[in-house]
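*Asks:* So the sequence shown is numbered by our numbering: it starts at 1 and just counts up by one.
Calculated from the structure, these hints are not laboratory results. This one's a predicted model, so the numbers in the text were calculated from it and none came from an experiment. A virtual CB, placed ideally from N, CA and C, is assigned to each residue, including glycine. Be careful, since some hints might not be right.
Lysine to aspartate or glutamate pairs mimicking EDC-like chemistry, simulated, CA-CA at most 20 Å apart [as the list claims (entries may be wrong)]:
1) K65 <-> E6
2) K65 <-> E5
3) K40 <-> E73
The following label-pair restraints were derived from C-beta to C-beta distances [as the list claims (entries may be wrong)]:
4) S48 <-> G78: 16 to 22 Å
5) E62 <-> L9: 18 to 24 Å
6) N31 <-> A4: 28 to 34 Å
7) S34 <-> T84: 23 to 29 Å
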Amino acid sequence: MPDAEEWILALGLRPVSDDPNDSAIPDAVLNGPSLSLTAKALYALVLSTQGRPLNPFEDAFEDSKDIHAAIDELVAAGLVVRTTKQ
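Generate the whole structure from the sequences, applying the supplied hints.
*Replies:* Printed below as a string of structure tokens:
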């Protein structure tokens with residue numbers, strides 16, 4: 001069990017593929033200057049779950065305060081929401 005737990009889920013419409021290993025990340029997110037590299041990487045991880053909630057603290061090497069900051073950035077940008085484990 002991870003030290004911290006906070007479940008997040010991607011918001012909004014995004015391209016979908018029949019291939020479960022394909023997750024398109026919008027260029028506006030990857031190239032946008034308003035998100036840190038950590039937040040961009042976390043968003044890519046969230047999209048890879050294809051709609052399932054994610055606890056980014058599970059198996060993470062990063063410091064929990066950096067993960068919390070990345071979550072806050074993504075929530076403020078309207079890209080993810082906090083949710084409960086489903």
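*Asks:* For every hint, state whether the structure bears it out.
*Replies:* Hint-by-hint comparison with the structure:
1. K65 <-> E6: holds, 12 Å
2. K65 <-> E5: Holds. K65 to E5 sits at ~12 Å (cutoff 20 Å).
3. K40 <-> E73: Measuring from Cα to Cα gives roughly 9 Å; hence the hint holds.
4. S48 <-> G78: 16 to 22 Å: holds, 19 Å
5. E62 <-> L9: 18 to 24 Å: holds, 20 Å
6. N31 <-> A4: 28 to 34 Å: Check passed, 30 Å falls within 28 to 34 Å.
7. S34 <-> T84: 23 to 29 Å: Hint holds: Cβ distance 28 Å, inside 23 to 29 Å.
Violation of the numbered hints given earlier is absent; every hint is satisfied by the structure.
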